[in-house]
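Work out the full structure, taking the sequences as your base and the hints as a guide.
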Amino acid sequence: MTTVSIYRLNWPDLDAAIRPGLESVQAHQLDLAGHRALRLDRVSGDHPPDWADTLNEMTGLPFDQAVRSASALLLVDLGDASFAISFGHGRHLLDRYAWERDFGLRVALRTLSPRRVAEVTRTALDTGARLDLTCVPAGAGVREFGIEQHTDLVKHIGGHADSLDLGWTGGRGGRVRLDGRDALKIRLTPDPAGLVRDLRAIQAAAESEPVPDLAFMEGIRPLTGGSRLRTAEDALAARIAAPPDGGRTGDPVGVSLPVELLGADVTGLTVLFQGRTEQVESVDLLLIRRLLAPVRLDQRYAALREATVLATVDGQTVPAETSLGQWLVADLTIDGERYVFQQGRFYVLTDSYRQALRKEVERLMAQPIGWTLPPWPVGMSERDYNEKEAGGRGFVCLDRGLVTSRVHPQGIEVCDLVSPDNQLICVKRAGRSAALSHLFGQAIVAAEAIVQGDETWSGLLDRLPEPRRAAMPRRPDFVFGIQLTKGELTPDSLFTFSQVTLHRAARHLERLGMEVAVVGIPTR
Numbered sequence: 001m002t003t004v005s006i007y008r009l010n011w012p013d014l015d016a017a018i019r020p021g022l023e024s025v026q027a028h029q030l031d032l033a034g035h036r037a038l039r040l041d042r043v044s045g046d047h048p049p050d051w052a053d054t055l056n057e058m059t060g061l062p063f064d065q066a067v068r069s070a071s072a073l074l075l076v077d078l079g080d081a082s083f084a085i086s087f088g089h090g091r092h093l094l095d096r097y098a099w100e101r102d103f104g105l106r107v108a109l110r111t112l113s114p115r116r117v118a119e120v121t122r123t124a125l126d127t128g129a130r131l132d133l134t135c136v137p138a139g140a141g142v143r144e145f146g147i148e149q150h151t152d153l154v155k156h157i158g159g160h161a162d163s164l165d166l167g168w169t170g171g172r173g174g175r176v177r178l179d180g181r182d183a184l185k186i187r188l189t190p191d192p193a194g195l196v197r198d199l200r201a202i203q204a205a206a207e208s209e210p211v212p213d214l215a216f217m218e219g220i221r222p223l224t225g226g227s228r229l230r231t232a233e234d235a236l237a238a239r240i241a242a243p244p245d246g247g248r249t250g251d252p253v254g255v256s257l258p259v260e261l262l263g264a265d266v267t268g269l270t271v272l273f274q275g276r277t278e279q280v281e282s283v284d285l286l287l288i289r290r291l292l293a294p295v296r297l298d299q300r301y302a303a304l305r306e307a308t309v310l311a312t313v314d315g316q317t318v319p320a321e322t323s324l325g326q327w328l329v330a331d332l333t334i335d336g337e338r339y340v341f342q343q344g345r346f347y348v349l350t351d352s353y354r355q356a357l358r359k360e361v362e363r364l365m366a367q368p369i370g371w372t373l374p375p376w377p378v379g380m381s382e383r384d385y386n387e388k389e390a391g392g393r394g395f396v397c398l399d400r401g402l403v404t405s406r407v408h409p410q411g412i413e414v415c416d417l418v419s420p421d422n423q424l425i426c427v428k429r430a431g432r433s434a435a436l437s438h439l440f441g442q443a444i445v446a447a448e449a450i451v452q453g454d455e456t457w458s459g460l461l462d463r464l465p466e467p468r469r470a471a472m473p474r475r476p477d478f479v480f481g482i483q484l485t486k487g488e489l490t491p492d493s494l495f496t497f498s499q500v501t502l503h504r505a506a507r508h509l510e511r512l513g514m515e516v517a518v519v520g521i522p523t524r
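Heads up: the sequence shown at position 504 corresponds to 504 in the working numbering, and the numbers run straight through without jumps.
Honestly, the hints are just simulated from the structure, not real lab data.
Across the chosen pairs, the derived CB separations fall in these ranges:
id, residue 1, residue 2, range
1, Gln26, Gly170, 32 to 42 Å
2, Pro473, Arg296, 51 to 61 Å
3, Gly88, Glu281, 50 to 60 Å
4, Thr270, Pro12, 45 to 55 Å
5, Gly88, Ser208, 29 to 39 Å
6, Pro192, Asp298, 42 to 52 Å
7, Gln26, Leu310, 45 to 55 Å
8, Pro222, Arg200, 27 to 37 Å
No more than 30 Å apart at the CA atoms, straight line, and that leaves these computed lysine-lysine pairs for DSS-like:
id, residue 1, residue 2
9, Lys428, Lys359
10, Lys486, Lys388
11, Lys428, Lys388
12, Lys359, Lys155
None of the values given here were measured: they were computed from a predicted structure.
Note that beta-carbon positions come from the ideal geometry of N, C-alpha and C, so glycine has one too.
Printed below as a string of structure tokens:
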């Protein structure tokens, strides 16, 4: 039996699911065990393979062999649900809005045995589009894959299902091997009646509750298309156009440094926007609103994505290029659902996810420390605060004191202050809706540098007074000292992705043997 890819369609009209403008396609109307079905066959003519020209150029000998590719798509209407079964490249015969994203992942999280997961593909929310694929041929417990419960997006999972009873298994569970992402890749019973029963079993599985040990993977999901994405895009454009709310609850949109620039020494910024070039000192919300103001509301989101920011980075000859949308962050509630926008993408959060993340942030804010930070006067710079207000009383100011090493020849800032108990304190003043990714990212860089070699640790000791050096732990703890410009520091007052990146940074540092705490800095 052949493994196929199954897509669940967003609407029951099979004909409307076909991509318009198709050529060389034969359509067959069918009755599949009492259900309407539509089969599409497509064959391309003989042609050289894509790599033939490259091979000819490398060897100087012509490659005269030709290939012919074929694909097919079987669409089935079961009444309460419609499916498309793809053979070969049959998916390309579907309209791109016709199929449900993450359907295969949804089925996998409801049927896979947590003890027999074979591979997982995931991406970290705070590291852009980096993907990590982990494979275990014999299968393993899902926790052995090291998935971060509150910060990793699972994009694909494969393994063996114990609970999915398909016709070809003969009632013997545990034999079904499947892979879930947008499509469900699986073997199906070939006879029409058996195929319909299999599709109904898959449909029932999709509507059931997820396996408890896998349920956390559905806590936050990316929006990749459909009406919900368009609704979120329109809401973001409207929110950018609206003025701030006067500070009563904080602006739900803000600006965060793109991950490509974390830790970089940016010396200049150039914005390319709709044919205009503008040199700017910083990318902030006022700049974004000013650039988008002349643009029609229904075109603002597209303009945000198409605009480019070129960052001149010290030590690099080629500017780092990002889209303007990668600088924007937002936390929006739309029709009762919570959406976040970060690094140019939308995500939707479940209530259980938000509650679990909040508990983790509460834990970090409840960590006991034996000292307090003094109030930070309004209008005082971070450097002056660290030097004049927090300096003394057993605190040592290291703000802007770079420590160099072979790995970081340009130098890194290990921390802003050293506490009386020799914790490394990273200090930041931030707006309520501003992401604190940069602060947490700096701590990760510093912690890894301290752990991975003696140069950074020795450089840290050199910046301390002689009597303090012997007491500095080889793996010191970190404290994030945060002052919000609007309101007190609580889990609820932190922007959603600030909570995510804080939790991720804390988990990373804790794995390195360093405890983490968070303390609010009062305003004066």
